[in-house]
Amino acid sequence: MAEEHERPEHANQAGIGRRTLLRWVVGVGAFSSLATLALVLGTVKPQQTSQRDEKIKAGDVLVFALGPNKGDPITSTNASASRPAGIVIVPEPGQHKGEPIIPTSVGLGDVTLAFPRGKEMHDNLIILIHLKKSRFVPPTHLNWLPDGFVAYSAICTHLGCTVGYSYEPMPGAGVPYPHIHCPCHQGMYNDMAGAEVVSGPPPRPVPQLPLALNAKGELVADGPFDGPVGPLPGGR
Amino acid sequence: MQRQGLGWFEERLGWSGFREKFLDKAFPMHPSFFLGEIALFSFVILVITGIYLLFSYEPSAQIITVGGRSFPAAYHSVTQIDKQPFGLIVRQVHHWAAHLMIAVVILHLLRVFFTGAFKKPREINWVIGILLLLITVMAGFTGYLLPYDAFSVTASGIGYQIAASIPWIGVALAKFVFAGQFPAIGTIPRFFGYHVVIIPLLLIGLIGLHLLVMIKQKHTEPSSSRGRVAPGRLLGIPLWPQQTSLMVMLFLLMTGGLLLIASIFPVHPIELYGPPGPQTPTVKPDWYFLWVFGLLKLIPGWLEIHLGGTVLDPEVIGGILLPSLLILLIFLVPFLNRTRERQNYLEPVTKHPLRTSIGTGVLMLLLTLSAAAYQEVLDISLAIFRLAAVLLPLLVGIATYLAIRLFRGWRSKTIKRAREPLSSDR
Numbered sequence: 001m002a003e004e005h006e007r008p009e010h011a012n013q014a015g016i017g018r019r020t021l022l023r024w025v026v027g028v029g030a031f032s033s034l035a036t037l038a039l040v041l042g043t044v045k046p047q048q049t050s051q052r053d054e055k056i057k058a059g060d061v062l063v064f065a066l067g068p069n070k071g072d073p074i075t076s077t078n079a080s081a082s083r084p085a086g087i088v089i090v091p092e093p094g095q096h097k098g099e100p101i102i103p104t105s106v107g108l109g110d111v112t113l114a115f116p117r118g119k120e121m122h123d124n125l126i127i128l129i130h131l132k133k134s135r136f137v138p139p140t141h142l143n144w145l146p147d148g149f150v151a152y153s154a155i156c157t158h159l160g161c162t163v164g165y166s167y168e169p170m171p172g173a174g175v176p177y178p179h180i181h182c183p184c185h186q187g188m189y190n191d192m193a194g195a196e197v198v199s200g201p202p203p204r205p206v207p208q209l210p211l212a213l214n215a216k217g218e219l220v221a222d223g224p225f226d227g228p229v230g231p232l233p234g235g236r
Numbered sequence: 001m002q003r004q005g006l007g008w009f010e011e012r013l014g015w016s017g018f019r020e021k022f023l024d025k026a027f028p029m030h031p032s033f034f035l036g037e038i039a040l041f042s043f044v045i046l047v048i049t050g051i052y053l054l055f056s057y058e059p060s061a062q063i064i065t066v067g068g069r070s071f072p073a074a075y076h077s078v079t080q081i082d083k084q085p086f087g088l089i090v091r092q093v094h095h096w097a098a099h100l101m102i103a104v105v106i107l108h109l110l111r112v113f114f115t116g117a118f119k120k121p122r123e124i125n126w127v128i129g130i131l132l133l134l135i136t137v138m139a140g141f142t143g144y145l146l147p148y149d150a151f152s153v154t155a156s157g158i159g160y161q162i163a164a165s166i167p168w169i170g171v172a173l174a175k176f177v178f179a180g181q182f183p184a185i186g187t188i189p190r191f192f193g194y195h196v197v198i199i200p201l202l203l204i205g206l207i208g209l210h211l212l213v214m215i216k217q218k219h220t221e222p223s224s225s226r227g228r229v230a231p232g233r234l235l236g237i238p239l240w241p242q243q244t245s246l247m248v249m250l251f252l253l254m255t256g257g258l259l260l261i262a263s264i265f266p267v268h269p270i271e272l273y274g275p276p277g278p279q280t281p282t283v284k285p286d287w288y289f290l291w292v293f294g295l296l297k298l299i300p301g302w303l304e305i306h307l308g309g310t311v312l313d314p315e316v317i318g319g320i321l322l323p324s325l326l327i328l329l330i331f332l333v334p335f336l337n338r339t340r341e342r343q344n345y346l347e348p349v350t351k352h353p354l355r356t357s358i359g360t361g362v363l364m365l366l367l368t369l370s371a372a373a374y375q376e377v378l379d380i381s382l383a384i385f386r387l388a389a390v391l392l393p394l395l396v397g398i399a400t401y402l403a404i405r406l407f408r409g410w411r412s413k414t415i416k417r418a419r420e421p422l423s424s425d426r
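If you read the protein sequences in the order shown, they are chains A and B. Residue 103 in the working numbering sits at position 103 of the first sequence, with consecutive numbering throughout. Residue 336 in the working numbering sits at position 336 of the second sequence, with consecutive numbering throughout.
Do not rely on the hints blindly, as some may be mistaken.
[Stated by the list, open to error] SDA-like mimics (lysine to any residue), calculated; alpha carbons at most 25 Å apart, straight line:
no., chain 1, residue 1, chain 2, residue 2
1, B, Lys175, B, Ile185
2, A, Lys119, B, Arg69
3, A, Lys119, B, Gln181
4, B, Lys175, A, Val40
5, B, Lys175, A, Lys70
6, A, Lys45, B, Ala172
7, B, Lys284, A, Pro203
8, A, Lys45, B, Tyr194
9, A, Lys119, B, Tyr57
10, B, Lys175, A, Leu232
11, B, Lys284, A, Ser166
12, A, Lys45, B, Arg408
13, A, Lys119, B, Thr65
14, B, Lys284, B, Trp410
15, A, Lys70, B, Ser70
16, A, Lys70, B, Gln279
17, A, Lys55, B, Ala184
18, A, Lys70, B, Glu271
19, A, Lys45, B, Tyr57
20, A, Lys55, B, Gln62
21, B, Lys284, A, Ala38
22, B, Lys175, A, Glu120
23, B, Lys175, A, Asp123
24, A, Lys55, B, Ala172
25, A, Lys119, B, Lys175
26, A, Lys119, B, Gln279
27, B, Lys284, A, Leu232
28, A, Lys45, B, Val197
29, A, Lys55, B, Gln181
30, B, Lys175, A, Arg204
31, A, Lys70, B, Ile63
32, B, Lys284, A, Glu168
33, B, Lys284, A, Lys70
34, A, Lys55, B, Val171
[To be verified] The following label-pair restraints were derived from C-beta to C-beta distances:
no., chain 1, residue 1, chain 2, residue 2, range
35, B, Ile261, A, Val40, 39 to 47 Å
36, A, Ala215, B, Ser324, 54 to 62 Å
37, A, Pro176, B, Pro348, 48 to 56 Å
Hints in this document: simulated from the structure, not taken from any laboratory. In this text the structure is predicted, and so the values were computed from the model without any measurement. Positions of the beta carbon are idealized from the N, C-alpha and C atoms, including for glycine.
Excised from the complex, chain A in its bound form (with noise of 0.2 Å):
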């Protein structure tokens, strides 16, 4: 007995006991390999996109996103209603058919959805919508609206779908008239009165763009956006 009672007297004597020293190899040896993961993985980089990261800027002319006429210039010059329209979001029954005319504007009453052209991102995507001037009412910018054309931008500020435009008026939502709608949360905004949230989540409206026309009578943006685009960052 007593002899086993003095090794570890003794191993105590030579300063720190094999268990102790032990434990701290082990405990260094597992920190530093934590360490080790932790910086190996904080290089991992996002790879780059090849698109650049381009906000929009005035005297982008405004081209269509989808369509047979995809990337074409979007002009005001036949905005009347008797040529085929634009690419239609939401297209009424039975409207446009057989029409092989390809169209270079948006009718009165139609949509498309646009980008601003060589900035092809996501982001930047834009709703356009093509009413009688008289129709809008603040706080739409009013006069950002050449012939009637209104620019919003085409991401909810909910979660970042697509917004679509509803030709059904919603009277069950509160919503009687035709009405920007994002298809994912039922998110409904005022395209004619600055696209008021007017049912649903999203926080806020979509910004709207300053629009104007160029000298070939192309919808050209006039500047950024008027606010943030899409859902802001958590916390704000």
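The hints should help you fit chain B onto chain A, whose structure is shown.
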């Protein structure tokens, strides 16, 4: 001849002890005890079909041009898989097996909850089980993106935005998980890694642990087995050959059933959905996320919580905070229970009316929220749904409580009546 062959192995492995110990292991019998096995076999089917898909899938969102049309490479590779002789059916079985696995894991959880099988000493396996459910759901979420069609890109985009709405760390976290701001070119390779390596490894490890703990602690028994064998012994059928033959039959039935369902009911037809474009299709999430989707719809846009210099917006409240609270509560279930004795028999649902009514109430809440996801189809106003989401769960909970009370009162009377002649005989 066969004996000699086994003897050859016996000589080298000395496994007769192992065989006696494990091949004779007793499996208590109850139909609900197959739920865990169905979940396990779904996983096996998912691994087998997943390996098949792995041979031809291309994890890349780069745009490629085929026959004059442009597609993301991942989307195109899945359409090519669908054109292989067995490709479409294998992909459909994979998708259906994923639904089945999540459904059965949830049913397994409900069985354990309502019969009190989570009580001491099985708290550890309850926690592992909930982790398994969460990881299985993550497998579903990551797998949903891989075909990279219009629907899956929309769904993952919503997931990205919900993650990014977390205060302070949200954007950094979402950018790390999705390898950049979604839709980023790096998202698909990273999700592919999660879906085919990291998540399956975690699942295999945790399933192994779940089974080891179950073997060590022994399975719970139906209360009808009480007192029929010596204490410390289990009443059940041995692993070999009875239980094994049942398992083989179950596995084959499941494989056949999934093939049948996959041939009759196509799921996620990506050719119909098309590649992702600028437009967002009208998309509903998979059924196990519907309750979060409904919750996001019901929470009004103006609801915000201001907290220590930051703002919790409705997306964090509905998409992160409330679901996390529910999950935390589920984790805590066995620790809220204060009984000290070991629980080895299933409890009838009538034994703990409060537990049973909380369970049915929460189920009703999840069902109401899931129905709210279809609010615009059902044409019921949000206000009515908000009211229903509060009232219906309470009503169902209270009704369950009262029903159990009534049932117990009625039963104790009948038992008394049945015992009366006995006592008068004495």
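A quick look at each hint next to the structure:
The suggested pairing of Lys175 of chain B with Ile185 of chain B holds, with an alpha-carbon distance near 12 Å, which does not exceed 25 Å. Taking the CA atoms of Lys119 of chain A and Arg69 of chain B, the gap is about 21 Å. The hint holds against a cut of 25 Å. With a CA separation close to 16 Å, the supplied pair Lys119 of chain A and Gln181 of chain B stays within the 25 Å bound. Our distance criterion of 25 Å between C-alpha atoms is met by Lys175 of chain B and Val40 of chain A, whose separation comes to about 17 Å.
For a cut-off of 25 Å, the pair hint linking Lys175 of chain B to Lys70 of chain A is broken: about 30 Å separates their Cα positions. Between the alpha carbons of Lys45 of chain A and Ala172 of chain B the distance comes to roughly 12 Å, so the proposed pair stays at or under 25 Å and holds. For the given pair, Lys284 of chain B sits about 21 Å from Pro203 of chain A by alpha-carbon distance, which is consistent with the 25 Å threshold. With a C-alpha separation of about 16 Å, the suggested pair Lys45 of chain A and Tyr194 of chain B falls inside the 25 Å cut-off, and the hint holds.
Distance hint between Lys119 of chain A and Tyr57 of chain B is unfulfilled; the C-alpha atoms sit about 30 Å from each other, more than 25 Å. Of the supplied pair hints, the one linking Lys175 of chain B and Leu232 of chain A holds, its CA atoms being roughly 14 Å apart against a limit of 25 Å. Using a Cα cut-off of 25 Å, the hinted pair Lys284 of chain B and Ser166 of chain A holds, with the two alpha carbons roughly 18 Å apart. Restraint check for Lys45 of chain A and Arg408 of chain B: not satisfied, since their Cα atoms lie roughly 62 Å apart, outside the 25 Å limit.
Note on Lys119 of chain A and Thr65 of chain B: the hinted pairing holds, with a Cα-Cα distance of about 21 Å set against a maximum of 25 Å. Annotation: proposed proximity of Lys284 of chain B to Trp410 of chain B is violated, straight-line Cα distance about 45 Å (limit 25 Å). For the hint pairing Lys70 of chain A with Ser70 of chain B, the CA-to-CA distance comes to about 13 Å; that is within 25 Å, so the pair holds. In summary, the hint linking Lys70 of chain A to Gln279 of chain B is supported, as the alpha carbons are separated by about 13 Å, within the 25 Å threshold.
Between Lys55 of chain A and Ala184 of chain B the alpha-carbon distance is near 17 Å, which keeps this suggested pair within the 25 Å criterion. As the CA atoms of Lys70 of chain A and Glu271 of chain B are separated by approximately 22 Å, the hinted pair is consistent with the 25 Å bound. For the given pair, Lys45 of chain A sits about 24 Å from Tyr57 of chain B by alpha-carbon distance, which is consistent with the 25 Å threshold. Proposed proximity of Lys55 of chain A and Gln62 of chain B is supported: the alpha carbons are some 23 Å apart, at most 25 Å.
For the hint pairing Lys284 of chain B with Ala38 of chain A, the CA-to-CA distance comes to about 37 Å; that exceeds 25 Å, so the pair is violated. Taken as a hint, the Lys175 of chain B and Glu120 of chain A pair is honoured in the structure, with Cα atoms around 21 Å apart against an allowance of 25 Å. Between Lys175 of chain B and Asp123 of chain A the alpha-carbon distance is near 16 Å, which keeps this suggested pair within the 25 Å criterion. With a C-alpha separation of about 21 Å, the suggested pair Lys55 of chain A and Ala172 of chain B falls inside the 25 Å cut-off, and the hint holds.
Distance hint between Lys119 of chain A and Lys175 of chain B is fulfilled; the C-alpha atoms sit about 22 Å from each other, no more than 25 Å. Restraint check for Lys119 of chain A and Gln279 of chain B: the C-alpha separation of about 17 Å stays at or below 25 Å, so the hint holds. Note on Lys284 of chain B and Leu232 of chain A: the hinted pairing holds, with a Cα-Cα distance of about 23 Å set against a maximum of 25 Å. Restraint check for Lys45 of chain A and Val197 of chain B: satisfied, since their Cα atoms lie roughly 20 Å apart, inside the 25 Å limit.
The hinted pair formed by Lys55 of chain A and Gln181 of chain B meets the criterion: a straight-line CA distance of about 15 Å does not exceed 25 Å. Among the hinted pairs, Lys175 of chain B with Arg204 of chain A is consistent with the structure: their alpha-carbon atoms are about 24 Å apart, no more than 25 Å. At roughly 17 Å between alpha-carbon atoms, Lys70 of chain A and Ile63 of chain B fall within 25 Å of each other, so this suggested pair holds. In summary, the hint linking Lys284 of chain B to Glu168 of chain A is supported, as the alpha carbons are separated by about 20 Å, within the 25 Å threshold.
Of the supplied pair hints, the one linking Lys284 of chain B and Lys70 of chain A is violated, its CA atoms being roughly 28 Å apart against a limit of 25 Å. The hinted pair formed by Lys55 of chain A and Val171 of chain B meets the criterion: a straight-line CA distance of about 19 Å does not exceed 25 Å. The beta-carbon spacing between Ile261 of chain B and Val40 of chain A, approximately 44 Å, falls within the hinted interval of 39 to 47 Å. At about 56 Å, the CB distance of Ala215 of chain A to Ser324 of chain B agrees with the hint of 54 to 62 Å.
For the hinted restraint 48 to 56 Å between Pro176 of chain A and Pro348 of chain B, the CB-CB distance of approximately 54 Å keeps it satisfied.
Figure legend: structure checked against the earlier numbered hints; hints not met, in rising order: 5, 9, 12, 14, 21, 33.
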